[in-house]
Amino acid sequence: MRKYHAPVWNEPIIMEMGHKGERGIAIPFIEEDIQKSTKDAKFYIPNKMIRKSPPNIPEISQPHILRHYLRLSQQTLGMALNIDLGMGTCTMKHSPLINEELVKSPYFAEIHPLQDENTTQGILEIIYKFNRYICEISGMDEFTFQPGGGALGIFTNACLIRKYHEMNNDLPERNEIITTLFSHPADAACPATAGFKIITLYPNSETGLPDIEALKAAVSKHTAGLMITNPEDTGIFNPMIDEFVKIIHEAGGLCAYDQANSNALFGITRAKEAGFDMCHFNIHKAFSSPHGCMGPACGAVGVRKELTEFLPVPIVTFDGSKYHLDNDRPNSIGKMREFMGNIETILRAYSWIMSMGPDGLRTVAETSIININYLIKKLTKIRGVTLAYPKQNIRLDQARFSLKELKDETSVGTDDVARRIVDFGVQEYFTSHHPWIVQEPFLPEPCETYSKEDIDYWAEIIRYTCEEARTNPETVKTAPHNQTIKKINTKALNDPNQWALTWRAYIKKKGKSKQEHLSP
Amino acid sequence: MKKKLGLIVNPIAGMGGSVGLKGTDGKKTLSQAKQLGAIPRAHIRTTEAFKELSSIKNSIELYTYPHEMGEEQAKVCSYTPKILGSISKGKTTSLDTKNAAKDMLNHKVDLILFVGGDGTARDIYEVVGDKIPVLGVPAGVKIHSSSFAINPRAAGSLATKFLQGLIELREAEVMDIDEEAFRQNVLSAKLYGYLKVPHEEQMVQNVKIGSIPSQRETIESIAWEIISNMKEDYYIIGPGTTTKSILRKLNLEYSLLGVDIVYQKKLIASDINENQILKIIDGKKSKIVVTVIGGQGYLFGRGNQQISFKVIKKVGKDNIIIVASEDKIISLKGNPLLVDTNDEEINKMLKGYFRVTTGYRRSMMYRIA
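Protein sequence lines correspond, in order, to chains A and B.
If you're matching positions, the first sequence starts at 120 in our numbering and goes up one per residue.
If you're matching positions, the second sequence starts at 175 in our numbering and goes up one per residue.
No lab work stands behind these hints: they were computed from the structure.
Some hints here could point you the wrong way.
Simulated pairs of lysine to any residue, SDA-like, Cα-Cα distance not exceeding 20 Å [as the list claims (entries may be wrong)]:
| # | chain 1 | residue 1 | chain 2 | residue 2 |
| --- | --- | --- | --- | --- |
| 1 | B | K176 | B | E235 |
| 2 | A | K571 | A | T486 |
| 3 | A | K335 | B | P510 |
| 4 | A | K523 | B | K202 |
| 5 | A | K596 | B | N509 |
| 6 | A | K631 | A | N175 |
| 7 | B | K225 | A | E528 |
| 8 | A | K316 | B | E391 |
| 9 | B | K491 | A | A336 |
| 10 | A | K316 | B | N509 |
| 11 | B | K507 | A | T505 |
| 12 | B | K335 | A | D527 |
| 13 | A | K316 | B | W398 |
| 14 | B | K507 | A | P509 |
| 15 | A | K316 | B | E394 |
| 16 | A | K365 | A | E325 |
| 17 | B | K335 | A | P599 |
| 18 | B | K525 | A | E325 |
| 19 | A | K596 | B | N232 |
| 20 | B | K507 | A | G394 |
| 21 | B | K272 | B | G303 |
| 22 | A | K610 | B | P510 |
| 23 | B | K522 | B | N509 |
| 24 | B | K370 | B | N280 |
| 25 | A | K605 | B | L340 |
| 26 | A | K596 | B | I230 |
| 27 | B | K487 | B | Q450 |
| 28 | B | K335 | A | Q558 |
| 29 | A | K596 | B | E226 |
| 30 | B | K225 | A | A336 |
| 31 | A | K610 | B | K335 |
| 32 | A | K596 | B | K335 |
| 33 | A | K365 | A | G394 |
| 34 | A | K523 | B | I504 |
| 35 | A | K248 | A | G479 |
| 36 | A | K610 | B | N280 |
| 37 | B | K484 | B | E448 |
| 38 | A | K596 | B | G339 |
| 39 | B | K335 | A | T609 |
| 40 | A | K316 | B | D456 |
Keep in mind it's a predicted model, so treat the numbers as computed, not measured.
Between the sequences and the hints, there should be enough to build the whole structure, so can you do that?
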């Protein structure tokens with residue numbers, strides 16, 4: 120295995136750096152004539168908007184700033200640095216760099232959302248066309264790209280269900296949303312935020328899937344809808360999904376398909392054929408727009424024709440010669456956020472699906488299915504690792520494993536292994552969403568990006584770590600050892616007194632910093 | 175400062191089980207078990223648990239009782255314990271367990287780790303109540319109480335984390351069955367009370383996961399859900415901290431281990447038996463509020479026999495409200511909820527999927543077998 124050690128710079132917080140009067144670069148002196156004709160910058164700012172005192176930001180020279188941020192980036196195990204296949208549900212695929220060039224291009228970067236639509240026809244065309252393509256991919260009839268993330272997409276779906284029942288004068292009565300325990304937790308949290316009561320279906324302990332009998336017992340005149348992931352966060356596809364949808368429809372509810380886990384479905388199944396009324400995709404996952412801190416994100420929401428009137432505004436329309444922003448939709452649920460959403464994600468996704476084409480998209484799905492099932496073969500050979508719900512013989516995009524046997528044998532659990540694998544230069548894996556009904560879980564997702572060699576190497580790290588749990592458990596339990604930081608006490612995450620989300624809060628809770636100036 | 179850990183080993187725990195005696199309570203049973211060749215296993219289990227404590231060994235001050243009640247095992251594990259009290263070697267009884275618990279309470283230990291079964295848990299509960307944290311290493315025949323860790327190793331690990339200040343406490347049932355009756359094939363389970371035990375959330379905090387509500391918040395939110403939906407019915411409230419949080423929220427007196435009746439948010443009757451319940455609800459609309467008792471998932475027939483099949487029949491299936499924290503449901507590991515009402519027809523009627531209230535406006539579909 121590769122010998123690895125992360126850089127450790129022990130960088131101070133930038134607020135602790137610099138000296139009074141230190142500056143980035145020297146700006147040239149402005150000649151008197153120019154000064155006179157342009158006036159001081161303050162002149163152009165309305166009085167009410169001028170601060171009484173300057174902001175308390177650090178004064179640092181340019182080389183020191185560069186050093187600081189480069190060091191921080193070196194300490195970050197980024198997507199482009201490692202085999203990032205451990206983060207199940209995240210679809211950590213490689214996003215082609217050429218698409219970053221498009222996003223950085225001034226033709227796109229300098230557009231303002233308040234510009235007259237006559238001057239933004241190009242991007243409106245891309246949004247419109249991408250909308251048609253994603254409708255084809257899902258079978259829905261119209262999409263909105265306004266939601267700025269997956270959870271906001273799911274919340275949008277909850278609001279659409281609410282609006283539908285409100286328009287039918289059914290709302291106070293229809294106040295229950297049904298979801299499953301292995302659906303993303305946002306499928307419960309978002310409708311709860313929208314005012315619904317939540318009923319969760321517990322999975323069958325053999326199949327890992329929700330029982331249809333449980334669904335039948337849950338529906339009633341109060342059923343507003345079903346919000347469900349498929350494949351669920353286990354990688355297992357529910358083959359009865361159309362039956363589930365039918366039962367909800369018969370009870371008078373709507374069905375929303377959380378398609379965050381859609382990477383293995385391109386060209387294979389669609390929301391429409393399963394009977395769903397609406398769905399959402401994470402453009403920053405399966406559609407190859409970078410994820411997480413490299414984001415931003417987009418939870419694209421699509422609906423069938425009967426529900427398009429409720430979509431958030433504006434919608435991009437086309438009259439045969441020109442593209443328009445349609446804001447005149449009286450039954451719209453309104454805005455989920457300002458303007459059009461994070462359109463850079465749409466630009467990247469448009470470019471990506473155009474380069475793939477329909478056959479390429481199908482290959483993406485098939486490759487990701489082959490990759491996870493190959494990884495399953497590798498990992499289940501390791502002593503201490505088991506596959507949850509082993510009677511299900513195939514996984515689609517990801518798979519939930521358990522290290523319970525390892526823990527029983529060695530007392531090294533999944534959180535220990537997750538912390539140890541970073542010592543070999545790969546990202547920590549995702550254990551799984553709570554609750555952990557699969558004990559000591561982990562959830563890798565080797566989407567189409569990763570080669571056989573990548574997967575072999577990653578599986579070898581897991582094998583090595585499980586072996587080490589037997590020979591030297593303390594090393595695993597006290598990991599990481601080769602990383603930028605050491606093991607931290609996660610208890611602080613539950614203690615508001617130890618949080619500091621701003622520098623001001625940090626000073627308040629920890630007292631004035633006495634750190635030496637470490638800038639060099 | 176060093177943490178004080180108390181160790182109480184019930185040396186005979188588990189001996190009855192290996193020879194099919196369903197327990198080891200009572201002198202006669204013990205000698206019978208010994209005659210049948212029963213092997214003590216409490217000691218092995220103690221060593222297993224202590225393996226997990228090795229990382230904090232130097233920051234522990236160990237208190238224990240003489241000889242086979244802890245001293246011997248402590249020394250095997252290379253501890254130099256402070257020995258309290260005295261026993262007559264080879265003839266320990268439940269009184270010794272109680273004395274040990276009392277001495278440890280007086281020495282203000284941070285945690286009592288005991289090795290035994292339900293009987294041992296009961297003895298310790300009788301003395302310490304909820305005054306100090308306690309954790310059971312399962313070694314007995316009967317483990318109905320949820321005050322035990324799932325295995326000795328887990329007990330050691332929980333104790334370590336608790337003494338390091340990394341985890342919190344929860345209330346856990348102390349249950350026991352009448353062994354004598356059980357040998358005659360009559361199962362009579364009783365809920366004795368609640369011990370405070372260290373508790374690690376099933377769901378370990380992960381950076382991708384938001385905050386998880388505490389045990390207390392969950393139980394309160396269940397109470398609010400029931401109260402906000404209260405109708406003009408008689409509410410038969412079964413035993414347990416989850417169910418009784420409803421009465422606590424309504425500022426009513428309650429019997430933690432008994433059955434109470436609430437009507438129009440007022441207490442009508444407290445700690446009543448089957449006949450009294452039947453009398454009160456006669457001809458009235460009523461509801462039953464029950465929770466899952468103990469680790470095995472019993473809903474009726476364990477610790478709440480007052481809510482008999484006659485009561486259930488009268489109230490009706492649709493008027494049964496099951497409340498339990500999501501944690502508790504998950505601790506069943508997918509095994510169904512159980513009922514044992516002494517009436518086959520009622521047992522059959524209750525089969526199938528039920529809605530379990532898990533929080534405010536939250537429920538989960540779960541199966542009764």
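Legend entry - Structure-inconsistent hints, enumerated in ascending order: 4, 5, 10, 16, 20, 22, 30, 36 and 40
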